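**Student:** Listed below, chain by chain, are the residues.
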Amino acid sequence: MRIDCPHCGSRDVQEFIYLRDAGPRRPDGMAATLAEMHVYLHERDNPAGRHRELWYHGSGCRAWLVVTRDTRTHAVFAVEALPASVESAST
Amino acid sequence: MSPQPFRTPAGGLIDRAKPFGFSFDGRRLEGYEGDTLASALLANGVRLVGRSFKYHRPRGILSAGSEEPNALVELRSGARREPNTRATTAELFDGLEAASQNRWPSLDFDLLSVNSLFGSALAAGFYYKTFMWPAAFWERVYEPLIRRAAGLGRAAVAADPDHYEKAFAFCDVLVIGGGPAGLSAALSAGRAGARVILCDEDFALGGRLLSDRRMIGGRPAADWLAATLAELESMPDMRLMRRSTVFGVYDHGVYGVVERVSDHLPTPPPFQPRQRSWRITAKRAILAAGAIERPVVFAGNDTPGVMLAGAVRSYVNRFGVLPGREAVLFTTGDDGWTTARDLADAGARVVAIVDARAEIDAGLRALAERIGARLVTGAVVESAHGGKALRGISVRNAAGHHVEMACDLLAVSNGWNPTLHLTSHQNTRPVWDATIAAFVPGAMPPGLVAAGSAAGRFRLEQALDGGARLGAEAAAECGHGRGAGTTDRTADDEGLPATPVWRVSGGSGRKRGKAFVDFQNDVTDFDIELSAREGFRAVEHLKRYTTLGMATDQGKTSNVSGLALMAEQTGKLIPDTGTTIFRPPYTPVAIGALGGHHRGRDFRPTRISPTHAWSERQGAVFIESGAWIRAQYYPQPGERDWLETVNREVLAVRAGVGVCDVSTLGKIDLQGRDVGVFLDRVYCNTWSTLPIGKARYGLMLREDGFVMDDGTTSRLADDHYLMTTTTANAGKVMQHLEFCHQVLWPELDVRMVSVSERWAQAAIAGPRSRDVLRGVVDGQHDISDDAFPYLAAREVTVGGGIPARLFRISFSGERAFELAVPSGFGDAMMQAIMASGRDYGITPYGLEALGVLRIEKGHVAGSELNGQTTARDLGLGKMMSSKKDYIGRLMATRPALVEAERPTLAGFRPVDASQRLRAGAHFLGLGQPASIENDEGHMTSTAYSPHLRSWIGLGRIRNGATRIGERVRAYDPVRNGDVVVEICNPVFFDPEGARLHG
Amino acid sequence: MAEPSSSAAGWRSQSAWAGVAVSGHLGADGGAGVTVCCLRDVGMATLIAPKRREAALIAAVEARYGMRLPEDPRTVENGGVRAVWAGPDQWLLVTADVSGVETLREVIADLGAVSDQTGSRAVLRVSGRAIRAALAKGCMIDLHDGSFPVGAAALSSIAHIGVHLWRLADGPDGAVFEIAAPRSIAGSFWSWFAASAAEFGCAVVVES
Ligand SMILES: [Zn+2]
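Chains as they are written, first to last, in this note's numbering: chain A, 1 to 91; chain B, 1 to 998; chain C, 1 to 208.
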């Protein structure tokens, strides 16, 4: 499997580390509740198909990336750099 | 050495000027360069090559390629012995030693062939039915029994002395297979300017052109082959990889290839690997892997001397070998007839041609006449007999009468199956093509297309045309134009395809012998009938119930026949019965090739500290600690064991001064306006109040509330901090901080980079540490207790201006410093510290003493920070700020993590001071039996404290903090430990911390 | 108690290759298909621009060093100072000696973060007709002219070791690369390199 890092170019998946679904946003601040944190940390969709997920180019540029991937075929539709994608996703 | 009685007087692609001596089961034989072991054995008249897996049936050579299910042998001897090697692909070399396998005491007389007599007992499902109960018998009785009786070869017992390599390659177009389709594809892609890699498992390129007498453009195919290879070799971006099997197709155009660099040589030449595993990344790939011929299922079809007709042509035309002198051809199509022709032309007597079809072309009839073969049409071979070598066959003719024929070779031609295995590695299934009665590639992995026989287009012209067209298309898709050059791709004619006969049933009066579908796993037609009767009709059930197709050959010659037989049983069509998909590797790959350079010392990269050479000079004993090689202790002459050494080191630190390498700690440089805020969010304690020039101990949680890491972080300037992490977690913490910064809080002005490799760092610990440092740090820096108190952290210089950093921090509880200098000065720093400390009796200490010192002080380390502990569990709950948000804040408040009963940190001492404590021991109440319910926690770290003259331990026990003075059992059944211990304060030494401040 | 410092003790810096590689020939006899120079420690620093404020930093570097920091994976060099892209808004500055890092610190002032990395990496300069074949045994990126031209740079891993590599101007034997590996892993990196280059014959020069 290969991921086309927007900074480095196409690289072997071995250079990357998968984290999780890119969707959940951390409930920051003292006002956040345990229930919100539980949702953020544990509640995940498990789609068969398109999935936006966070990957870390640990053996490359050390950038966190948002990879949109088909969980059934591993087809990669998009690889986006942060933080632009976070900002656009949060608006 | 014996002559080669079955070698033709001339012809073939072997080099008769280069004879090679080799041995088989100790018998000395001779072959030629260009032979495979199989062709050389046949040239010497060796028919019996091995015994079968389950029934120990005598087996010979069925094929001439990697699909071979029978002729598995052991190659070489000693540490280089390699079992289960296919004689049909093993290239002959001078001095090759080969041995048959799965026989005892000898190949000719095999005691376990009695299995064959009890055949019905060993039929499909036998293992499931017989060995189901009792479960405990599996390990002790059944498995050893089965392993002895049914098995393959013996692995070498000594370590493999050869080297293996991994390699990476990239190309526009990968061509898989070097036959006519593959060569045409490579040629047209190469002419268009594409970067091309062509792989073929064979040592010679040409595919079937090496084995068949064909014409291209009106001239012998050999001319076309030579011209094509010459042109390919001349192309700058063309890599032709012989002896290279593409064994797997992975996501996004990644292909696994194993190159047998030196398997054709007695030992690898100097500095050459035996094998090299490639990971090839290709924009496009063309599968031109050809096709595999199909056997027919009839009684005795495994008798040595029954061979695939195409393989017979390979032996005759390519290797100049007659696999028999009295041959019968059993065919279901026109293709097999060329075998009869070639055998006759090479000097064999073709006794008969048995064609299952009633109608035969006049041209073929004329051929039969010309070669003097008796023609029996509308007929089938019902059985073959002869045991260890074929002696004759029984033919059932169109009228249903039996005709017995004597022969020593039966060539079977029943059509071909496209070699489409790689197309299903991405979980796509082949589809049935009724016109050729075979599965052809269905949906393909992205970027891969099939050409020629692999696509079910068996005719030579189709291979040449299709390959050329797909090669050009692939090049164009990679941005290359159309190449110049033309090739005449007209080929000679090749009759009608086969109308396959899957199985010949019937028994002709006597008890019918076994008819094999899967030769390697000894699966018969009877097993498939049984499977159908017992309800295992789905193809995946059939496979598992009968083990059809589950041997090392993955059923290359058996899967389609098996499906056909199941279809017959269930009254369905073959495509409705199912397909099987194949998985990597296409052929077996040695683990050594996959590991490459990374074995032994190079299993994974190791890291050494910049003070390593200095430690070596002090006679240190080293230990692997994660990726690091660290000084464990520094024995001195006369010391009897490690404990004596470690005790000396520990006492020296507390009595005077010691020095220890701590370069391995992770170090992260943090700069920017918002670093203080950032640290507040990633650590559970408060950072924004840290003054410049100070260090602070920090505890970092994971978002789930458990402790992730700890360490000290220092503020070097207004917007400049230096974080240290534990050695083990350096990379993980860096990744976590990058996540926090890039994903969670990109608005913060924080710039971070690892500087772990930049600094050599030493801990100087003990009451005289400041005196020692005074002689190391440049004079203008005031390091007196007043100017440089506990937790001071500052940039200083050493050696007259070399930048350095000094921290007054302590892991040992003594007055202590950590000094960091640029890595290149690591050795010099240790020398300077030792020189300055000589008068104070400075003592180098290692990882063991470091551990004792920290356990004496109750400091937590890796054994306690094991990912299952909270700050509260470790007695550090007070560090968790209630005034700010930080990673892990909320989840650490989950009820289960704060309940009083949770095991918390405590110290432990044996009541009998002479008893040893062991980490891992579980705590039980006195007199309580050892059960899960009674488990109160466990010991995490232990050490011998020379100050207390006793073993001491840290551990977590229910309500730990409230039970000081109570006694419990430390129970360690694995090492026969059962020690009564007293729960105590985890700080064993100087609990007031008076020594810290000097 | 201000005592004199021990500067007279002769603090000498050791190369990252000390005790790892020795000058000479390794591997197959005959010519050297691969040439490797184990470079002495030079001045090195990580330069990080504040997010979305990299323009001022790039301008300051251009004014002082006469080269424009690359914003994609490339390397530039002028007057003995080399800048190598090291990730978004990050560069590795390589100078002939340690004092170059001090100069850089002055040039950058508060326009970005400078972290001295001198001595943190073990650097090889490699070339020779077989250099790509040798590197292919561990390098997971395509070093073909079309993919990795002169001036290209990459952060990647070789034989499971994180490396920073870049391509210099071609030499008499074709492509020349520099590869920087973490100092602590120099031994394992060398073990891999020596094993990979051995079949081609390898001339080794260790700079002192
Ligand atoms: Zn990247």
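Keep in mind that a hint or two might mislead.
[Said to hold, decoys possible] Beyond 10 Å from chain C on every Cβ pair, some chain A residues (computed): (1) His7; (2) Glu15; (3) Asp28; (4) Val39; (5) Tyr40; (6) Asn46; (7) Glu53; (8) Ala63; (9) Val67; (10) Thr71; (11) Arg72.
[To be verified] In silico DSBU-like links for lysine-lysine, alpha-carbon gap of 35 Å or less: (12) B:Lys388 - C:Lys51; (13) B:Lys694 - B:Lys732; (14) C:Lys51 - B:Lys514; (15) B:Lys883 - B:Lys283; (16) B:Lys511 - B:Lys572; (17) B:Lys878 - B:Lys694; (18) B:Lys18 - C:Lys51; (19) B:Lys732 - B:Lys883; (20) B:Lys732 - B:Lys878; (21) C:Lys51 - B:Lys732.
If you are wondering where the hints come from, they were derived from the structure by calculation, not from laboratory data. If you're wondering where the values come from, they're calculated on a predicted model, not measured in any experiment. Beta carbons are placed, not taken as given, at the ideal position from N, Cα and C, and that holds for glycine.
**Student:** Does each hint fit the structure? Answer for all of them.
**Tutor:** To see whether the hints hold, each was checked on the structure:
no.: 1; hint: His7; verdict: violated (6 Å)
no.: 2; hint: Glu15; verdict: violated (6 Å)
no.: 3; hint: Asp28; verdict: holds (19 Å)
no.: 4; hint: Val39; verdict: holds (29 Å)
no.: 5; hint: Tyr40; verdict: holds (24 Å)
no.: 6; hint: Asn46; verdict: holds (30 Å)
no.: 7; hint: Glu53; verdict: holds (20 Å)
no.: 8; hint: Ala63; verdict: violated (6 Å)
no.: 9; hint: Val67; verdict: holds (17 Å)
no.: 10; hint: Thr71; verdict: holds (24 Å)
no.: 11; hint: Arg72; verdict: holds (26 Å)
no.: 12; hint: B:Lys388 - C:Lys51; verdict: violated (79 Å)
no.: 13; hint: B:Lys694 - B:Lys732; verdict: holds (25 Å)
no.: 14; hint: C:Lys51 - B:Lys514; verdict: violated (76 Å)
no.: 15; hint: B:Lys883 - B:Lys283; verdict: violated (55 Å)
no.: 16; hint: B:Lys511 - B:Lys572; verdict: holds (29 Å)
no.: 17; hint: B:Lys878 - B:Lys694; verdict: holds (21 Å)
no.: 18; hint: B:Lys18 - C:Lys51; verdict: violated (70 Å)
no.: 19; hint: B:Lys732 - B:Lys883; verdict: holds (27 Å)
no.: 20; hint: B:Lys732 - B:Lys878; verdict: holds (25 Å)
no.: 21; hint: C:Lys51 - B:Lys732; verdict: holds (23 Å)
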